[in-house]
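Undergrad: Protein chains in written order, with UniProt numbering: chain A, 1 to 199; chain B, 1 to 199.
Derived by calculation from the structure, the hints in this document are not laboratory data.
All the pointers check out, no bait thrown in.
Distance condition first, Cα-Cα at most 16 Å in a straight line; then the derived EDC-like pairs of lysine to aspartate or glutamate:
| id | chain 1 | residue 1 | chain 2 | residue 2 |
| --- | --- | --- | --- | --- |
| 1 | B | Lys37 | A | Glu54 |
| 2 | A | Lys197 | A | Glu140 |
| 3 | A | Lys78 | A | Glu136 |
| 4 | A | Lys37 | B | Glu14 |
| 5 | B | Lys78 | B | Glu136 |
| 6 | A | Lys37 | A | Asp47 |
| 7 | B | Lys37 | B | Asp47 |
| 8 | B | Lys103 | B | Glu140 |
| 9 | B | Lys37 | A | Glu14 |
| 10 | B | Lys37 | A | Glu58 |
| 11 | B | Lys103 | B | Glu83 |
| 12 | A | Lys37 | B | Glu54 |
| 13 | A | Lys197 | A | Glu83 |
| 14 | B | Lys78 | B | Glu97 |
| 15 | A | Lys78 | A | Glu97 |
| 16 | A | Lys37 | B | Glu58 |
| 17 | A | Lys103 | A | Glu83 |
| 18 | B | Lys103 | B | Asp72 |
Residue-level listing of the chains:
There are 2 protein chains.
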Amino acid sequence: MTDRNLTDIDALIELMAKLPGLGPRSARRAVLHLIRKRALLLTPLADTLQTVAETARECLNCGNISTSDVCDICTSNKRATGEICVVEDVSDLWAMERTGVFKGRYHVLGGTLSALDAIGPDELRIPRLVDRVAAENITEVILALNATIDGQTTAHYIADQLHGNIRLTSLAQGVPIGGELDYLDEGTITAALQARKDI
Amino acid sequence: MTDRNLTDIDALIELMAKLPGLGPRSARRAVLHLIRKRALLLTPLADTLQTVAETARECLNCGNISTSDVCDICTSNKRATGEICVVEDVSDLWAMERTGVFKGRYHVLGGTLSALDAIGPDELRIPRLVDRVAAENITEVILALNATIDGQTTAHYIADQLHGNIRLTSLAQGVPIGGELDYLDEGTITAALQARKDI
Ligand SMILES: [Zn+2]
Ligand SMILES: [Zn+2]
Numbered sequence: 001m002t003d004r005n006l007t008d009i010d011a012l013i014e015l016m017a018k019l020p021g022l023g024p025r026s027a028r029r030a031v032l033h034l035i036r037k038r039a040l041l042l043t044p045l046a047d048t049l050q051t052v053a054e055t056a057r058e059c060l061n062c063g064n065i066s067t068s069d070v071c072d073i074c075t076s077n078k079r080a081t082g083e084i085c086v087v088e089d090v091s092d093l094w095a096m097e098r099t100g101v102f103k104g105r106y107h108v109l110g111g112t113l114s115a116l117d118a119i120g121p122d123e124l125r126i127p128r129l130v131d132r133v134a135a136e137n138i139t140e141v142i143l144a145l146n147a148t149i150d151g152q153t154t155a156h157y158i159a160d161q162l163h164g165n166i167r168l169t170s171l172a173q174g175v176p177i178g179g180e181l182d183y184l185d186e187g188t189i190t191a192a193l194q195a196r197k198d199i
Numbered sequence: 001m002t003d004r005n006l007t008d009i010d011a012l013i014e015l016m017a018k019l020p021g022l023g024p025r026s027a028r029r030a031v032l033h034l035i036r037k038r039a040l041l042l043t044p045l046a047d048t049l050q051t052v053a054e055t056a057r058e059c060l061n062c063g064n065i066s067t068s069d070v071c072d073i074c075t076s077n078k079r080a081t082g083e084i085c086v087v088e089d090v091s092d093l094w095a096m097e098r099t100g101v102f103k104g105r106y107h108v109l110g111g112t113l114s115a116l117d118a119i120g121p122d123e124l125r126i127p128r129l130v131d132r133v134a135a136e137n138i139t140e141v142i143l144a145l146n147a148t149i150d151g152q153t154t155a156h157y158i159a160d161q162l163h164g165n166i167r168l169t170s171l172a173q174g175v176p177i178g179g180e181l182d183y184l185d186e187g188t189i190t191a192a193l194q195a196r197k198d199i
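Make a model of the complete structure from these sequences and hints.
TA: What follows is the structure, encoded as structure tokens:
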């Protein structure tokens, strides 16, 4: 008798339990569910994870997650509107895209400036943003950062770096204080984008 | 420009959102987490899912989930104690195994009898249980079914089928260890009171 069989399924439960939002109990339920839905769920999930594991990377231009060196938004001529929307995280980019309202490109900082965590401009692709504004004929930069202290500190720092002939805007009030974009519904984000103000 | 890149990641989010306990939002968070932890989590998870997708099946003897035709518990001579613990679901088998107390084998029914859902004995491996009791020198069958009406109906049906020289038992009912009376339902308190013991 070997323990190999037991170990494969146990290993799967342990890995699933490491996902945010899943603990050991829900991981066990998920694994049972997967095994019962092998053709419909388990095999497609295994195949898609393999593909994503082999191909997913950060876009060299904007930091979006992509399966090529430069993401679809950065390569699409339709998105060359002269606008860049600066977000903290890929999840914020996804939240913006779900509204379908913004037609320009993005710049994903990957966080906010933080003295406490020793995160400076170089960790956040801010130099790259400054380069892009010059190189891509940008006329407007929308700072869609979270309404937190660190988010607003970062917005002010970027505004200082981007002095010149471009319009600088931020999302309108309507984003609640302390609110994170990824938690907001599409309607709120759409309203805030449409009512954006110069800063 | 193709949408292939976007689609792989979107497809992954959609599949993850079908897992019990995960919705679209937590699926997005999980996928971002996976992509950020590629070496530590994404690749191992993809590999393990592939292995389980290719090998997981139900044990032909007991219904446990296994990666061979007959599971490790059924093939281990150490587990040939003459006891079979009958459970509704593989998750119940796992719960019993986590206690480490039961040393015998299992029989997973795969549900309970239900007139409403038209689930009869043949759907539940009950004929197979009767065969096993004769073939495996079984001396005791522990009916570890849930304390629901369907669970108890099923226990009675099985007890009727297994008349003979074997001992039939069920799990004791009472107050769970650490349980507070105020949080327990009346049925549990009643059962615990009726089965009270001298101290
Ligand atoms: Zn990009
Ligand atoms: Zn078995």
